[in-house]
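*Asks:* Spelled out, the chains give:
Protein chains: 2
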Amino acid sequence: MNTNNHPALMGSLRPSSPSVKLINFSPGPTSLPKAVEEEIAQSFKKPGLTSLALSHRSPEFIDILRRTKASVRRIMNIPDDYELLFTHGGGHGQFAAVPLNLCHNKSDVATYIVNGTWTERARDEATRYCTVQSIDGRDPMGGYTTFPELIEEEIDPESKYLFLCSNETVNGIENHRLPRLPDSRRHIPLVIDASSDFTTKPIDWRDDGVGVLFACASKNIGHPGVTLTVVRKDLLGENCASPLCPGVFNYTTNAEAENLWNTPATFNIEVIGFLMDWLEHQGGVAENERRSIAKSSILYEVIDNSGGFYVTPVQNTSLRSRMNVPFNIKEGDETMTDDFLIQSWNEGMVGLRTLTPFGVGDYLRASLYNCITEEDAVRLADFMKRFARKN
Amino acid sequence: MNTNNHPALMGSLRPSSPSVKLINFSPGPTSLPKAVEEEIAQSFKKPGLTSLALSHRSPEFIDILRRTKASVRRIMNIPDDYELLFTHGGGHGQFAAVPLNLCHNKSDVATYIVNGTWTERARDEATRYCTVQSIDGRDPMGGYTTFPELIEEEIDPESKYLFLCSNETVNGIENHRLPRLPDSRRHIPLVIDASSDFTTKPIDWRDDGVGVLFACASKNIGHPGVTLTVVRKDLLGENCASPLCPGVFNYTTNAEAENLWNTPATFNIEVIGFLMDWLEHQGGVAENERRSIAKSSILYEVIDNSGGFYVTPVQNTSLRSRMNVPFNIKEGDETMTDDFLIQSWNEGMVGLRTLTPFGVGDYLRASLYNCITEEDAVRLADFMKRFARKN
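Here the protein sequences line up with chains A and B, keeping their order. If you count the first sequence from 1, you need to add 117 to reach this note's numbering. If you count the second sequence from 1, you need to add 117 to reach this note's numbering.
Simulated from the structure, these hints should not be mistaken for lab results. Any given hint could be a false lead.
No copy is singled out in the list; a pair is fine if it fits within one copy or between any two copies.
[To be verified] When the alpha-carbon atoms are kept at most 20 Å apart in a straight line, the in silico PhoX-like pairs for lysine-lysine are as follows: (1) K223 / K151; (2) K138 / K163; (3) K138 / K162; (4) K138 / K151; (5) K502 / K447; (6) K163 / K151; (7) K151 / K162.
Work out the full structure, taking the sequences as your base and the hints as a guide.
*Replies:* Below, the structure is given as structure tokens:
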């Protein structure tokens, strides 16, 4: 068989046969929990209009908006002095929106911890709007496998904010708790890109010093087209944002208009509400964290016990991502990797290699977002063990 | 009965009773044609993943993206020298994106024809990024009921573009064909906000001199969360956009990345594809224009023949919107207007008054997007006639 064009190697997400149950390990966008997908399908069968058809100014949508925000606030324990917004343009939109909102002038300083693909992109975007100081998070070999120590001298006390990504999806590096700034820098608000780990661990908003946190929906909380952005209210105000900040990105404008300055992504927001209801029903963030630890541990254990057959790049276990488990096979052996992808795809395990422009060599990635159950993780682990034994 | 809190007066879109068939006259977001809504519901029953769950880099989604773009291009007859993009941030996002892409410096001039709510907002947003020259489209009474004549002397020949909104939804003013610039100004690209009339009439892209055209999805072609933006390719290029243009708004960056620079709104794009298939099946743009003329004529006829019981503000019939028919009742008589809203709501006709911040006095609006059939328009017309007779 000529495997060059095999769907598994092209990143196909379709089932290999109609009877195969799919498990979607994609790094995002990805599936939603089965119960949420069913609730979406049900919503199209109810009488009346679906949220696809609702005016954003109708009482019916305003109720959806209110309930969704209340759920997020309750489940994520977000204090009243934080504003919740559903924003446009995904995580990349926020890469621009953050400096445009928190830096009034180009001379304002912002500090970026750069330890992976996403913080690189966030930093690059910010350079248009403020004076960026980077803390280089590369390891001695020049790769991204760690999170740097936060040293007083490396953080300008005048920084308008300190930016970090709490889970670098491509590189598989996660802060299981937000890092603490040195005491003399605790006045600097943290800005967190939590696109890929939001809802999977608690956040102590005030004590952690969070100023802004955003999460694009398409990994853990919904589907592409909307981003949840949480902003501490003291960072809002008429003259805070740069005069160059587009209205759709302006936190203050949108907060004052109660998220209706322009048309928000109505249906996409309702889906976040469904997800939040599901999450609450499952036991909330504490239970979700337990589950994330369990799912990822199952895979890291297989990798660590494979005698080098599988290798994961992040050695510091306290920084290993619970969301995205990168691993290579026999030091990146191509034929073996292709075999792995084809065989796992045949068994319905899809999304283990996405053809992105952000490739990190030979690593495959198993992403373990809210759609993945412990049973799903066990199934992949069993496959990995079988595959290693055979080879 | 105390009618103050009556759902009809609060802009409710729910059916007055479970047996009532809803007709959604909302100005957008609004319903999709019934067949499209059914196709969406069906898409959740198919085996495999829905587009909600597809990675934007999977062959399955790339196929959806390709097919949707091809449909739009075919149906709207878009030449190859135009790029199609699915963009973020709605129409308001484009209000910023247009000057940020077409004006490299703040000193670059752009001309705005301001003849309604949306061109006012577009102009205000543009002042952040370029030097705006406005052509005032107000009538002698100071209202927006017309479209100004385009006079050579009022258009700076150095303008990077001339902006207009081909259908001002709030004010009910439509250009049934794009206006022609004076010969000496024909080199200036038109930028068209076609958010509310796209697909309802033909566009002669090259001869009309279109440089950029955008349409948020939520009126005629889909649901909120995505905007279709068409850009003439000679306006793209590495150094065209302002260095201040956020990556998500940068036409060139996104065109070069084949619309995958960041995650596009996958499902929202697929829905546009469903709508395009429906449109083609119905007979395309020519048939859709015939239908738009028919639907709006039915209502304008009732208004014009009501002996002043109903009044619509735009007197020039060649500028009357086929998409949004504004009308007041007995010079805005409040009790009568409330009665009208309650009685029509009871019969399932919803969305005739949306509680927006852009109120234009006492006018109700019947919006006649792709979800509204000729039969639906007749039903409203019959109701209006009955109501006028009784009062």
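*Asks:* State the violated hints by number, sorted upward, taking the hints as numbered earlier in the document.
*Replies:* Going through the list in order, the structure violates hint 1 alone and respects the others.
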